[in-house]
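For the sequence shown, position 243 matches number 243 in the UniProt record's numbering, and the numbering has no gaps at all.
Mixed in with the good hints, there may be bad ones.
To be verified - Distance condition first, Cα-Cα at most 30 Å in a straight line; then the derived DSSO-like pairs of lysine-lysine: (1) K146 - K131; (2) K189 - K127; (3) K127 - K256; (4) K209 - K137; (5) K146 - K126; (6) K189 - K223; (7) K131 - K189; (8) K209 - K189; (9) K275 - K256; (10) K127 - K146.
By construction, these hints were calculated from the structure, which means they are not laboratory data.
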Amino acid sequence: MKNLLKGMNTHEYTPNGRGLLVHVYFSKKILPRSLLKYNCRDRHEKIIIKEEIQMQKTQINLNPHYQDCYFSDTDGQAEAHYIFIEGNDLPRRLNEEEVLHIGETGFGTGLNLLCLMNFFSTAVSKKISVKYSSLEKYPLSSERIKELLSPFEDSLGSNFALFLYYWKPFYNTLTPGWNQCAWDFPKVKVEFSLYVGDAGDWSQQKNPKQVDAWFLDGHSPEKNPDIWAPSVMQSVYEKTALGGTLASFTASGVVKRPLREAGFFIKRKKGFGTKRHMIQGVKT
1 MKNLLKGMNT HEYTPNGRGL LVHVYFSKKI LPRSLLKYNC RDRHEKIIIK
51 EEIQMQKTQI NLNPHYQDCY FSDTDGQAEA HYIFIEGNDL PRRLNEEEVL
101 HIGETGFGTG LNLLCLMNFF STAVSKKISV KYSSLEKYPL SSERIKELLS
151 PFEDSLGSNF ALFLYYWKPF YNTLTPGWNQ CAWDFPKVKV EFSLYVGDAG
201 DWSQQKNPKQ VDAWFLDGHS PEKNPDIWAP SVMQSVYEKT ALGGTLASFT
251 ASGVVKRPLR EAGFFIKRKK GFGTKRHMIQ GVKT
């Protein structure tokens, strides 16, 4: 028993009939929010480990490079729609701009792109063209994306299967720097560009066409500070068309300040779910 309890963070003893029930609580570093029960009865030892459902979701949704989730455990799809599509006022602008150029920092699972495709599927009556330029240091395989986005498979519909079909050969041929391809969805033709590499290197690249709306993602500033660096935010401004917008889940001062210093008008908005604030911006 003593050997078993070595290194445990805290434990307590509870009388349990003929034996003793020992509750051992681990720190997050060892096994977050889990409970190990060591049940000694008649000298027969039995160990039961139970992980909370929420912890299982968090582990699946975790980017190991940053120890941060790819999207909200509450509803990642609704979060992406609220922050990036509504946050950039795309429902209104769709009728005013012939070809949209979307820029993104942090492609991740591709959920933001898929939410955009779903939005277009219901919002447009005729086929449109979209340019989508993104940045990702650690691209994911189609198998990993399918695993991560499986909770949204039904709601994403046929766009999800089509995206995985396109993504697999594209992923297999990725090289550092810019990678381009063209994808044909039911309501949208997408000219897709992905920069594979560091945000600092990306910030020195020039976009062939200025961006109309930015999805500023890429994990929290505390977990992934490089993608929120002042030089990167300055590059975002320089790559933005006059009147172009941005939206981000974070309202951290380390993000707002460099965006304002670059020249964006920034304001706060009610965040998604329990999050207090997000930000919107425009280049004037």
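Is the hinted pair K275 and K256 satisfied, with a Cα-Cα distance of at most 30 Å? Holds, at about 16 Å.
Taking only the CA atoms, is the gap from K131 to K189 under or equal to 30 Å? 8 Å, holds
Between the alpha carbons of K127 and K146, is the straight-line distance 30 Å or under? Roughly 26 Å between the alpha carbons, so the hint for K127 and K146 holds.
Hey, K189 versus K127, does the alpha-carbon distance stay inside 30 Å? Answer holds: K189 to K127 is near 7 Å, not above 30 Å.
Verify the proposed pairing of K209 with K137, using a straight-line Cα cut of 30 Å. Holds - the C-alpha atoms of K137 and K209 are around 22 Å apart, at most 30 Å.
Regarding the pair K127 and K256, is the alpha-carbon distance no greater than 30 Å? 36 Å, violated
Against the 30 Å threshold, does the CA-CA distance of K146 and K131 hold or violate the hint? 23 Å, holds
Pair hint outcome, K209 versus K189 [Cα-Cα no greater than 30 Å]: 17 Å, holds
For the pair supplied as a hint, K146 and K126, confirm whether the alpha-carbon distance does not exceed 30 Å. It holds: about 29 Å lies between the C-alpha atoms, which stays within 30 Å.
Does the alpha-carbon distance linking K189 and K223 stay inside the 30 Å limit? Roughly 34 Å separates the two Cα atoms, so the pair is violated.
Checked against the numbered hints given earlier, the structure breaks hints 3, 6 and satisfies all the rest.
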